[in-house]
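Residue numbers (UniProt numbering), protein chains in the order written: chain S, 1 to 559; chain E, 1 to 559.
Check before you lean on any hint, since a few could be wrong.
As the list claims (entries may be wrong) - Chain S stretches covered by chain E per the calculated footprint, using a threshold of three residues with CB under 8 Å from any CB of chain E:
| no. | segment |
| --- | --- |
| 1 | 86-96 |
| 2 | 353-361 |
| 3 | 391-402 |
| 4 | 490-497 |
| 5 | 553-559 |
What the hints assert, rightly or not - Simulated coverage check for chain E against chain S, where a stretch passes if three residues somewhere in it have a Cβ under 8 Å from a Cβ of chain S:
| no. | segment |
| --- | --- |
| 6 | 237-243 |
| 7 | 348-355 |
| 8 | 441-450 |
| 9 | 466-474 |
| 10 | 545-557 |
By construction, these hints were calculated from the structure, which means they are not laboratory data. A virtual CB, placed ideally from N, CA and C, is assigned to each residue, including glycine.
2 protein chains.
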Amino acid sequence: MSDVDNAQSLHIIPLGGLGEIGMNLMAYEFDGKILVVDCGLTFPTPDTPGVDVIIPDIDYLRQRRDDVIGIVLTHGHEDHIGALPYIWPEIPVTIYATAFTLGLLGRKFREHRIEPPTIQVQHRQPFQCGPFNIAFIPVTHSIVDASALAIRLPIGVVVHTGDFKFDYTPVDGRPTDLYSFAKLGEEGVLCLLSDSTNVTRPGASRPERIVGPRLRELIERAEGLVVAVTFASNIQRIQQIIDAAKACGRKVILNGRSMEANVQVARELGFIQVSDADLVPVKKFDQHQRSNLVVVSTGSQGEPNSSLVRIAQGEHRDIRVLAGDMVIFSSKFIPGNERAIWTLINQLFQDGAEVIHEKDYKDIHVSGHASEEDLKLMLALTRPRFFMPMHGEPHHLHRHRQLALQMGIPAENTTVALNGDRVILDQTGFGLGEPVPHGRVFVDGKGVGDVGDIVLRDRRHLSEYGLVTVILVVEKDSGKLLDRPELLTRGVVHEDESQELLEDARIAVEQALELGPRGMDFSDDEQATANDLAVRALRRFFKKRLGRRPVVLPLVMEM
Amino acid sequence: MSDVDNAQSLHIIPLGGLGEIGMNLMAYEFDGKILVVDCGLTFPTPDTPGVDVIIPDIDYLRQRRDDVIGIVLTHGHEDHIGALPYIWPEIPVTIYATAFTLGLLGRKFREHRIEPPTIQVQHRQPFQCGPFNIAFIPVTHSIVDASALAIRLPIGVVVHTGDFKFDYTPVDGRPTDLYSFAKLGEEGVLCLLSDSTNVTRPGASRPERIVGPRLRELIERAEGLVVAVTFASNIQRIQQIIDAAKACGRKVILNGRSMEANVQVARELGFIQVSDADLVPVKKFDQHQRSNLVVVSTGSQGEPNSSLVRIAQGEHRDIRVLAGDMVIFSSKFIPGNERAIWTLINQLFQDGAEVIHEKDYKDIHVSGHASEEDLKLMLALTRPRFFMPMHGEPHHLHRHRQLALQMGIPAENTTVALNGDRVILDQTGFGLGEPVPHGRVFVDGKGVGDVGDIVLRDRRHLSEYGLVTVILVVEKDSGKLLDRPELLTRGVVHEDESQELLEDARIAVEQALELGPRGMDFSDDEQATANDLAVRALRRFFKKRLGRRPVVLPLVMEM
Chain S
1 MSDVDNAQSL HIIPLGGLGE IGMNLMAYEF DGKILVVDCG LTFPTPDTPG
51 VDVIIPDIDY LRQRRDDVIG IVLTHGHEDH IGALPYIWPE IPVTIYATAF
101 TLGLLGRKFR EHRIEPPTIQ VQHRQPFQCG PFNIAFIPVT HSIVDASALA
151 IRLPIGVVVH TGDFKFDYTP VDGRPTDLYS FAKLGEEGVL CLLSDSTNVT
201 RPGASRPERI VGPRLRELIE RAEGLVVAVT FASNIQRIQQ IIDAAKACGR
251 KVILNGRSME ANVQVARELG FIQVSDADLV PVKKFDQHQR SNLVVVSTGS
301 QGEPNSSLVR IAQGEHRDIR VLAGDMVIFS SKFIPGNERA IWTLINQLFQ
351 DGAEVIHEKD YKDIHVSGHA SEEDLKLMLA LTRPRFFMPM HGEPHHLHRH
401 RQLALQMGIP AENTTVALNG DRVILDQTGF GLGEPVPHGR VFVDGKGVGD
451 VGDIVLRDRR HLSEYGLVTV ILVVEKDSGK LLDRPELLTR GVVHEDESQE
501 LLEDARIAVE QALELGPRGM DFSDDEQATA NDLAVRALRR FFKKRLGRRP
551 VVLPLVMEM
Chain E
1 MSDVDNAQSL HIIPLGGLGE IGMNLMAYEF DGKILVVDCG LTFPTPDTPG
51 VDVIIPDIDY LRQRRDDVIG IVLTHGHEDH IGALPYIWPE IPVTIYATAF
101 TLGLLGRKFR EHRIEPPTIQ VQHRQPFQCG PFNIAFIPVT HSIVDASALA
151 IRLPIGVVVH TGDFKFDYTP VDGRPTDLYS FAKLGEEGVL CLLSDSTNVT
201 RPGASRPERI VGPRLRELIE RAEGLVVAVT FASNIQRIQQ IIDAAKACGR
251 KVILNGRSME ANVQVARELG FIQVSDADLV PVKKFDQHQR SNLVVVSTGS
301 QGEPNSSLVR IAQGEHRDIR VLAGDMVIFS SKFIPGNERA IWTLINQLFQ
351 DGAEVIHEKD YKDIHVSGHA SEEDLKLMLA LTRPRFFMPM HGEPHHLHRH
401 RQLALQMGIP AENTTVALNG DRVILDQTGF GLGEPVPHGR VFVDGKGVGD
451 VGDIVLRDRR HLSEYGLVTV ILVVEKDSGK LLDRPELLTR GVVHEDESQE
501 LLEDARIAVE QALELGPRGM DFSDDEQATA NDLAVRALRR FFKKRLGRRP
551 VVLPLVMEM
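Generate coordinates for the entire structure from the input sequences, incorporating the hints supplied.
Next up, the structure:
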């Protein structure tokens, strides 16, 4: 890469989503002004215990707060908009998005009690935001009203695909706008940034419409209740479930708060066709024959305490699953959630239900992301001079770069960048500038960012071995131990069944302190030593007796 | 099911592996004698933090210790033999297994310093063990020398498949013994218990031999070092890697302790063909050209601190991966390990290596378990009167039962049983007896079973919210607080950055105690109240200020 940095260059600064799936946030900087594209969150993993959600570190945007001129959102999924309630207050600029995205944001903003200024964007109608001339191009995805961006600058046009796939027969009748991409390609695209999520899937992605007939077949042969589980944001899928239910003479119950809320937004904006006569309120479940109902439910990931888990466990207030019922998971097994999903499915089998899911039933779910051939089609339409893969872990990005090479883009015209890189692009090529701060910020309860890596490391260590607190009470003046050491443990052994062991541990501490460098003298400046002796004695004791390494937390109290 | 229980019935009592994948242990009880088949472990999940391995609860066998007459092992995988070192000392009976299984056990027993009596079984040579006449039938699987069992009793023959698949061209030349199964079927099989692991995979399982040519193609086009990663117990796979390496003029380095040990056992027993001239010790890595070497390595699951992770991180003493190298994962992504494996693969991509794995490269790994058509073939060969699926979660077992119904077995002649059930089988049908104790026993360091569900619940809670210890020092006689409350926290907030918050927490405790029912009077019988007041005050405080629910551990010390 050349070492360029001048006014006529675009800085591409990923702060989330490059090197990972989720938490998408890209900063484009031109002529000193910064445009933010997407503002997503990601969900916690076993590595981040207790964390509610994870958002990108926007320290760089905070530093450049006065230069940020707008936030553009490609679509309404959480990994593209979910961090806004936390981040927008720090960069309170105008938010640009299409109608459905703004519809979803409305509820989110009300919950967080913020009122950002928003501008509803129309597809194919370019607008100016500082030096950036931006056009939203319609794309198909697993949410309606999704968009790619054509960002026009003095040095050329950058195409930012957002999440997309090519679906030539979308349920909502709004296909990916091939013409706009082709026209940009014909005119000349400086750089393409493209979604890498499904780069490892060969072939073309399957159309959404393929799911409808499968749903109908299943509902037709079902004898009892049908529960169809999907994502509350997948309006086209929900439409197909409703249509299949109607075709089979069944009415529909919407189950789950976000399911009800999103369908409401979609109805108001005309993205879904459903009449009140087709719907039954969940409270009236009992007043209808089970064989006349389809419940459309959230909870596809086996989320604990979700409505569907409660249904499976027989704890839902209104809905029961009984022998002879059918539960259809028209949804993805999101990596990391497999265990929870299988536990839910096992429970439903034990309830006596027939359970249909994508792991053993074809075309009951399709992805919203472009497979290998779609990604090549995007490259073929836009014919970019430069290429930078986005939205993916390193292995996705490297693989996507290989596709671009296969398509004839010279290796030096491609770059694999990760979060925090400052990629500098002008008409001659890619360069690398000073990296910017980046990372993950943990939202835990009311705290945003106060739980950091050290606290999480402590939590992980606590979870592996538990904790022993040892309290030494000493006389203020003499420094003599005034009492036996007290031990409190949690997560190490079952305390009631381990009195003998814990007594031995106390003795081990006492012996260590007696044999310590200064005997029993724990006057002020020796506290650290007393601490250390006690901690080391306990570590040794638990290692030897149990082969475990609990966290040992000492406290010396002076009386 | 009928309610039968007499001397001429067989009790089938699963203690592990029914309702789960892993930890297989089946007890067969006839005429008052108990035969144990397999004795496996399972690995911990994020739900069982800090646990090393999990083994079945054998409380029932302990109660019936004098009646247990032998342990029969179908093959040498950890989920079939791994619990022996913990369980055998409690039921110290003779262990029956084939040569390779005993070879692997030798090392395990030496490590645990036990010397169980063993008898090496020959395939197709029935032997008597109490009332059980047992024949080992050769089956193909992802380990050599694996067996199904034909257990002959006065009431009929029970076929217990163990893990198996049908591979008509096995690399070791020892195919599944179709004749033995067919002959049993012709004579009449009372009951089949069959492996459900891959019941959700359509079609026939793919042969092991398909992998060899793919390995060779890859190694042929590799320009730098090749690292081929697989399971140390998959001797046929290791053979194929060695053969492919030789065909490409490369020498082989065995990397990983279990890789070296298992290949050693396999060589001694004639299960693998490799000469010293083909091998290079890992220490001599540097003395050979990278392009002349294939490293065969363990670590396919991204295990932390595994040799392969150290290689990827540039921290291995001898081996480095550089740009232009190729890493081939000829292995399965075991469910639950995906995150660790992808992290490893991302690292290798960042090192510059080309990484080949089963998620995007066909036939670089094949499963050792029977797919749907193989399972039907097993049913077709053995033509059992009764059928009971085993080795699987509930959804696998229910699905496998459906296959049996498709094959014409009457529904009432099948049963889906789970761990702890006592299935009673005679010539008239299945019955259910008194369930037996069952469960999971956690091995943590030196402790077997002392970490129970309560300790794990505490660990999980600690990991989610961290812990606050509050120490109240009171005067023995008056019960007055002698000092301000002390707080110790871990995993809640970063203590150094939260002094103000913690001071507020202390004040909250003090106020709660002052307002308490008895004011400052914490004499002996009021300790619980003082505890309670402090705990409740802190819970309320952290919930309100941080939206978190740390574990609060109180201690009242009397001076």
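Right, here's what the structure says about each hint:
{"no.": "1", "hint": "86-96", "verdict": "violated (count 0)"}
{"no.": "2", "hint": "353-361", "verdict": "holds (count 3)"}
{"no.": "3", "hint": "391-402", "verdict": "holds (count 5)"}
{"no.": "4", "hint": "490-497", "verdict": "holds (count 6)"}
{"no.": "5", "hint": "553-559", "verdict": "holds (count 4)"}
{"no.": "6", "hint": "237-243", "verdict": "violated (count 0)"}
{"no.": "7", "hint": "348-355", "verdict": "holds (count 3)"}
{"no.": "8", "hint": "441-450", "verdict": "holds (count 5)"}
{"no.": "9", "hint": "466-474", "verdict": "holds (count 5)"}
{"no.": "10", "hint": "545-557", "verdict": "holds (count 8)"}
Violation of the numbered hints given earlier is confined to hints 1, 6; the remaining hints are satisfied by the structure.
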